[in-house]
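Colleague: Hey, can you work out the whole structure from these sequences and the hints?
Protein chains in written order, with our numbering: chain A, 1 to 574; chain B, 575 to 1148; chain C, 1149 to 1434; chain D, 1435 to 1720.
These are computed hints drawn from the structure, not numbers from a lab. Don't take every hint at face value.
Here are the simulated SDA-like pairs of lysine to any residue, each with C-alpha atoms no more than 20 Å apart in a straight line [stated by the list, open to error]: (1) LYS468(A) with ASP507(A); (2) LYS237(A) with ARG1713(D); (3) LYS1710(D) with LEU378(A).
The lines below spell out each chain.
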Amino acid sequence: MDITIRIGGEAGQGLQFIGSVLARAFARHGLHVFSHQDYMSRVRGGHNFYQIRVANQPVRVSKNRIDILLALDENTINLHRMDLSDDGVIIYDAAMTGREHDEPVFLNIPVLAMTEKAGVTKLMANSAAIGAVLGGLDLNLDLFPETIREFLGNKGQGVIASNLAVAKDGWQYARRNGWPAALKFSAAERKGLMLINGSQAIGFGALVSGCKFLSAYPMTPSTGIMIYLASKAEEYKIVVEQAEDEIAAINMALGASFGGVRAMTTTSGGGFALMAEGLSLGGMTELPLVIAEVQRPGPATGLPTRTEQGDLLFVIHCGHGEFPKVLFTPGTPEQAIALTNKAFELAEKYQVQAIIQSDQFLADTEWTYEEIDESSLLYRDHRDRSATVREQEYKRFALTGDGVSPLAVPGFSPRLVVVDSDEHDEEGHIIEDGATRNKMVEKRLLRKLPLLRKEIAPPEYYGHENPKLLLVGYGSTYGVMREAVAELAAGIAIAMLHFSEIWPFPDPENFDFIDVVARAGLAVCVENNATGQFARLIRGETGFLFEASIRKYDGRPFLLEPFLGEVHGLLRQI
Amino acid sequence: MDITIRIGGEAGQGLQFIGSVLARAFARHGLHVFSHQDYMSRVRGGHNFYQIRVANQPVRVSKNRIDILLALDENTINLHRMDLSDDGVIIYDAAMTGREHDEPVFLNIPVLAMTEKAGVTKLMANSAAIGAVLGGLDLNLDLFPETIREFLGNKGQGVIASNLAVAKDGWQYARRNGWPAALKFSAAERKGLMLINGSQAIGFGALVSGCKFLSAYPMTPSTGIMIYLASKAEEYKIVVEQAEDEIAAINMALGASFGGVRAMTTTSGGGFALMAEGLSLGGMTELPLVIAEVQRPGPATGLPTRTEQGDLLFVIHCGHGEFPKVLFTPGTPEQAIALTNKAFELAEKYQVQAIIQSDQFLADTEWTYEEIDESSLLYRDHRDRSATVREQEYKRFALTGDGVSPLAVPGFSPRLVVVDSDEHDEEGHIIEDGATRNKMVEKRLLRKLPLLRKEIAPPEYYGHENPKLLLVGYGSTYGVMREAVAELAAGIAIAMLHFSEIWPFPDPENFDFIDVVARAGLAVCVENNATGQFARLIRGETGFLFEASIRKYDGRPFLLEPFLGEVHGLLRQI
Amino acid sequence: MGFLDRFKGQEPAWCPGCGNFAILNVLKRVFSEMALEPSALTIVSGIGQGAKLPHYTKCNTFNGLHGRTLPVATGIALANNKTHVIAIAGDGDCYGEGGNHLLHAMRRNANLKLFVHNNQVYGLTKGQASPTSVPEFKSKTQPFGNPSAPLNPLALAIAMDCSFVARAFAGAHNLPQLQDLVKQALQHRGFAMIDILQNCVTFNKINTFHWYKERTYQLEENHDPGDRLNAFSRALEWGEKIPVGLFYRNARTVMEDNYPMLKEQCLAEMEFDQQKVLRKEMASFF
Amino acid sequence: MGFLDRFKGQEPAWCPGCGNFAILNVLKRVFSEMALEPSALTIVSGIGQGAKLPHYTKCNTFNGLHGRTLPVATGIALANNKTHVIAIAGDGDCYGEGGNHLLHAMRRNANLKLFVHNNQVYGLTKGQASPTSVPEFKSKTQPFGNPSAPLNPLALAIAMDCSFVARAFAGAHNLPQLQDLVKQALQHRGFAMIDILQNCVTFNKINTFHWYKERTYQLEENHDPGDRLNAFSRALEWGEKIPVGLFYRNARTVMEDNYPMLKEQCLAEMEFDQQKVLRKEMASFF
Ligand SMILES: Cc1ncc(C[n+]2csc(CCOP(=O)(O)OP(=O)(O)O)c2C)c(N)n1
Ligand SMILES: Cc1ncc(C[n+]2csc(CCOP(=O)(O)OP(=O)(O)O)c2C)c(N)n1
Ligand code: SF4
Ligand code: SF4
Ligand SMILES: [Mg+2]
Ligand SMILES: [Mg+2]
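Modeller: Given below as structure tokens:
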């Protein structure tokens, strides 16, 4: 079973609520979920939708074809009807959309009437709709109350009860009134699954890495991370401070890092641009810092609530002057958790800045897992907190073999911790002579680079060993490449190569992925941008020049069917 | 004749004055000059020097070996004596340095005593020193008064006269007291030469390109450009506004450009980093803007008064999202004038941002020319200032074949000029749909890119056609590569390839420079940085991987002899 | 043709009941009462809900970056004096991200007008605290309330000797007064700021329409906008009662007048003679 | 061992006669009078002449970027309360490039002290106008004088309700008073600002040592720093006579107290138990 549900309506009608409750309920029923969101940069009106793919087996990408269209307004019907599959159904409430449809594909469920009958607020019609979908799919309402409680928060028993009442009403109605038989799940016993989206994954990754300080300025689509950590701030004693601007955000975070705690800042492309100078400051002062850059289409304000992979080369080369940095580009929430943790580890171990680059698509997509491997999640405190050392015994930038100097915490011992944005000596004081400059460049940059590179894992390979067609990509295109390979494997020798640890560029020593790419019948570079930044990076680092690419720059993610179409197009060319 | 003079002392002792007056005087005497400066980030004390190479033929780089050391303090003697050539001389005033030297290489000139004798302020001792050098070199003082007037400004006749008096005194003293015979210029008739440094060249280039507005925040080593234009502001009606920060600087300049004038901003790496978001705004609004980025060693504050080529890849990839930009890297003041003019032309013709990247070395080096070709200097007003057009007839972002839409000036006609940092329609109003987004990306980016690339001139080639050794570089390494080739041409087949128009990366169509590099016995990438950014760029754009490189990252420029040493080292390896 | 048609723009994307609608209508009304042509107006805005305003009327528009409204407007004013330059910003836009530009725009006193849509919240990004949010304002990013004290824009402006400082409330009974202030601001030569209290029905449940309505009252007829000290003390009034109106005004030199080259013509009108410049300046290097 | 030895740092690179020497000495004296250990001090500075100060004494030091002193200091104060956090900035650093941070640092009222070396000029970059330069100040970048009106830091601070607002002059006869203010500031819990008038012998030929000396006078014994309005009016005095001293003080909540998690321990001292977090939070996703 593999069903796609699209919930559409105006901003403010509550489709966020319907979508997240359904996704959560499915996961609890042990069904696999993949959901993504498409919304405008406005708070009321317009048109948004929330799409959920629910199946018995893991799913990793959204489809274009939908089986259930839940329409909160007439506009949704007009916009999405053409995507409906043959045995699909359109659920709506004529009283809400203002128009009755009598074709068989329509199922008019009087959710508003149900709220009236129950004498509760119209808002609860959304619970009736949720109930209807669950009922139609043959899933019970046992888990409904605790699920909505999470979303309604401290609204009290009464509210939960009323919502449950109307949900039951919708549940029965759908079952009694000709819900398509094809769209049902078997009543098998299933273990509940973990449901997590990209924003939560980075936030959770930071939480389990001992992040104690987050300063950020709100910016879609990065704000979700800040919200997640703020929601845990009191329990786990984390300071989440909203800065006056992004420049303050990164400088505060560097201050906190200097002060002795694991710190982070989050933003999107425009805010990251404002942090460029601060990034360079982090490079010179060798302070650990983790930055999450959640991309949206640019340039400038661009399409604030949509998705793109347009900042890759900017972020890799960002900051004036030369200093090492780490860049990770997770493709799934699972990778996001592990790589956020690795970012904190490497940032502190090497005293560099580690950046996690995500995008609106990954941030908002929900994935399900049976479990997530915790064994790889490290926590090692690399700071020197010893209280006993004497003042004379410490030099913040002591020249060491590996270029990493002990990082002491101010006020914990008689030692003086001195950092300077100017070029400096071992103690951290301003210098101008060429000899010391050379030593410091070698220490902070040339010695660390090879060590950092050794820490970088090679790309993930999946599919046929001698592919006729090889899909190469990074970041949030993981899901679509992976499912395309699965789809087409039967027909042709196909594989994918996905990079989630991208800078320093992985060393082909252990796994010669360059050779893999070179040997493939046709290597195709897949990116969610217009200029092929990843292809340029690959050429710069390996010399390999891609002959084929699949690109998308309309602010939307790749959907499975159109993507398969492009792959077929390329196959014909071979 | 080819003589190198090094003037050393503390900040505030006036070596700036001595150096610039001498350089100017030499040029007026028709002698060729190359000068560079080495100064600390302080206003008084420390140690600075000003080095002038003066010769009968054009000179393009500084040497390590010096012929005349003019020491304003004892420290200078200790620091630089070892660089003195065999028949060199050290000029000093024991009364000033506080120590008498009696070895033959020393020439003690009592400049302070001369000021006392003339009953003028001690400051004028510097004029006596200037006089002494001119006298020693057998150059008359005819041009001295008008020359110092430029530097002393409106100080009045009296001051000029007194300075002249002590200068004469120094002039005679040097001639009468054993100035080395080897260090004299023949009294031949020579035509005065033009003397100009890198900062003036960019400022002058902007001036002759019709730049009407400069907003900038002071930052060494870029401030010279701002100062040059401010000095012309009243006469040529230019507004030079000091912004509160670099973010304001670039946004003001974009505002002025929107307002209908040619605008510019200037900064160094740290300030440029703060402009990253504004750069992206310029890309989205398609407003012409010229930016001069004058590099200093980073990261962060780094070495504020020194030189490096550390920002190449940062600047090329700067700004979130994808948009076209132009980057020029002049290697000489002559190139700086021409390329600044070309930057204004291209920025306005294609409505993009054009960046001129310089560095402290180029900014402060003075070069001499017999004349500079004016014919290439364009001025075409690409804005649409017509007053007659009707409101309905205008769309700021009209979709055109070449992607360039007419740029009207607000308030000059009933037309409405609407620009938006959000993705927009042809009129400039916010949109969110994918179809329009695609059209705009194609218009503003994909169509303009190839046209821009056609405008880019190929690199400059100089030397043997089939070189055993090929020096490849960009920007301010022009002079040292060029002279190294001249120097070694007799011995081996050597050549240089210099890039001054670097982004979009030049098209090898007309001149297949990639083939040239590939065919060379050994291609050596020369850069003033630690990580070989230019080599990485070349590989990314051409696939060519350099096997050899000459790099320097101590904050100092390449000097001729040590550079030749490195080249010889490489030759031995071949 | 009524002003609503002459200045009709795109369909607003604001929530029903948002205070921004009132501000938009007042501006349209003033433009037409002053018989201004759309082409005689330039509206610069940043990013935020209020900042979408220029798209909803007809005018030259520079809808720039979040927080950078004032430098853009300053550049336009210095280059081209053919239009009224109006800057529209939100409280986050102008007092948060763009705070530094506000300080220096007031110092410059260029001839432009700033209308701040102050809803004491970040609207477009869904309800975080803004620099003017009250301490008890809780949100998903401020679970313990706003840890920073709210900024008082009027006191700040008066301290910076801003040449025109006013506050209004975009509420029914107050619209004539807002309209009057907007008109005065457009007629004032120099930098004028109006802090406009605007209700956000969706995210600000504390400072609601009624909260403002109950508290705002008009400054007395005899309030002297020339008295800086008194203006400051009135600016400190904020609580049960909130005064609105023109707090302070002075006749400081306008920045443009400090630039001799702007005396006769604006930059955008000037001719450029490259040959003339070349001849003279090339020579100066010899 | 005298304070000059205990707090001896690098050799200052300032010009002879620079007002910064006096400020440096006063700080060293206060540190030793308060019997502070160097390790109990953290001095954050930006880029400028005054900003070199921490290198010239002994302390934990974060010499950051031009203009970004206060955010760094705020981050340190929120993470680690084991040292006195002092921010040293220039007038360009703090009122120009960093103006926005100043506004919001005052709103936050974190427990840190800001000493501004206000020489009314950009010293390190060789003499351009600063936000506090007077209108008649001409320079190579301001050939017609400063086109923007000078910023009044004290009026601004009082308008922002900064919890400790003072001015001093780093001149001989005034040093005991500067010393007293610095000590009071260090003892004040919250954000304290002292605007220190400092002569720049090289680039500021208008506001010279004598210019300050002739004009500055001590606020009256009976001046009440609790009276905000009066403090503001005194802050407006600038010209023939310039008052120095403690203008304004209040006891506003300190930011750290608005964060419940900072009650017992500072962040830097906290232990972290990864297993505990994993167990509980992983479950919350099911
Ligand atoms: C550099 C940058 N940072 C953050 C954002 C995200 N952002 C857009 S609007 C906004 C704040 C909106 O609040 P306000 O300025 O008060 O306007 P309102 O929506 O309340 O009218 C933010 C943080 C952005 N667009 N650019
Ligand atoms: C981002 C950035 N912009 C500009 C500069 C150049 N800069 C260094 S110090 C300074 C101003 C110095 O003035 P002030 O802050 O008053 O300090 P002072 O030297 O007068 O003590 C400037 C503009 C810089 N270092 N960084
Ligand atoms: S969110 Fe608030 S400010 Fe924004 S449109 Fe809605 S009501 Fe207006
Ligand atoms: S330039 Fe001025 S501020 Fe800087 S050290 Fe010299 S006197 Fe002091
Ligand atoms: Mg707001
Ligand atoms: Mg200063």
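Colleague: Work down the list of hints and note, for each, if the structure agrees.
Modeller: Structure-based check of each hint:
1. At roughly 24 Å between alpha-carbon atoms, LYS468(A) and ASP507(A) are farther apart than 20 Å, so this suggested pair is violated.
2. Annotation: proposed proximity of LYS237(A) to ARG1713(D) holds, straight-line Cα distance about 17 Å (limit 20 Å).
3. Restraint check: the Cα-Cα separation between LYS1710(D) and LEU378(A) comes to about 14 Å, which is no more than 20 Å; the hinted pair holds.
Checked against the numbered hints above, the structure breaks only hint 1 and satisfies the rest.
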